[in-house]
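Residue strings, one per chain:
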Amino acid sequence: MTPVVRTIAALIFPFIIIFSFYVIMHGHLTPGGGFQGGAIGASAIVMLIVAYGARNVKKKAKEESLSIFESIGGLVFVIVGIIGFVAASSFLYNFLVGEPLFGTIPPFGSNPGILNSGGILPILNIAVGMKVIGGLASVVLVMALAGGDEE
Amino acid sequence: MRWVAFVVFAAFLLFAAYELHPFGEPDDSRMDDYIISNAQNETAANNAVTSVVFDYRGYDTLGEATVLFTAIAGALVVLRRVKK
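From first to last, the protein sequence lines stand for chains A and B. Sequential numbering from 1 applies to the first sequence in the numbering used here. Sequential numbering from 152 applies to the second sequence in the numbering used here.
Treat the hints with care, as some may be off.
[What the hints assert, rightly or not] Between beta-carbon pairs, the in silico distance windows are: (1) B:Ser-188 to A:Leu-101: 49 to 57 Å; (2) A:Ile-82 to B:Thr-221: 14 to 22 Å; (3) B:Glu-193 to A:Met-1: 26 to 34 Å; (4) A:Thr-30 to B:Val-233: 39 to 47 Å.
By construction, these hints were calculated from the structure, which means they are not laboratory data. All C-beta atoms in this analysis are idealised placements derived from N, C-alpha and C, irrespective of residue type, glycine included.
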């Protein structure tokens, strides 16, 4: 692409990533969550692929490392579920409610929200977000690399 | 023959739209009421939708993540170039 597109893409990229992290981290307070925020973050990487070409993106982020990133997200999800099975009664039990980490119980009814709440929900949101970012970005990267040799 | 199918399908859709359940009046609202009144205490999260998706129906979300994982693994297996 032209230098104008490349410059604007490089300027916008960190803001899209920050918005993606915001949507993932506030999944238990506002609309959104792991899947949605992960799709936003993956679209930022797709924008870089469109602007700079798949080969230049591959120098910074290989699809192997992206899919390892994705698998770590899936492992965190399952491990949190098994911890709920061991520490409490059932698989994916919300064992962090009432604990100091992520355990603050909000008042009943509508309220502004506390970031340090939600039990295991923020951890699962981060895990799913890692999964979606790594997975979608690696699929688009591999498709762009397999598509052809043009820049 | 094609317009017969069209008329039958359109009549079916109109009938379905006419017979739609009225909005906001569920037949049995026990589960909705339970989640609305208990989700904040039981999962410590303000967003009741997220608490349903990740806590009450967390196993379903695990299956959804597995679907995503399988699709991506299939795409990578088919499309990845391996250097010889």
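Against the structure, the hints:
For the pair Ser-188 (chain B) and Leu-101 (chain A), the beta carbons lie near 26 Å from each other, so the given range of 49 to 57 Å is not met. Separation of Ile-82 (chain A) from Thr-221 (chain B) is about 20 Å and conforms to the stated range, judged on CB atoms against 14 to 22 Å. A beta carbon spacing of about 50 Å between Glu-193 (chain B) and Met-1 (chain A) contradicts the range 26 to 34 Å that was offered as a hint. For Thr-30 (chain A) and Val-233 (chain B), the Cβ-Cβ distance of about 43 Å falls inside the hinted range of 39 to 47 Å, so the restraint holds.
When held up to the earlier numbered hints, the structure conflicts with 1, 3 and fits the remainder.
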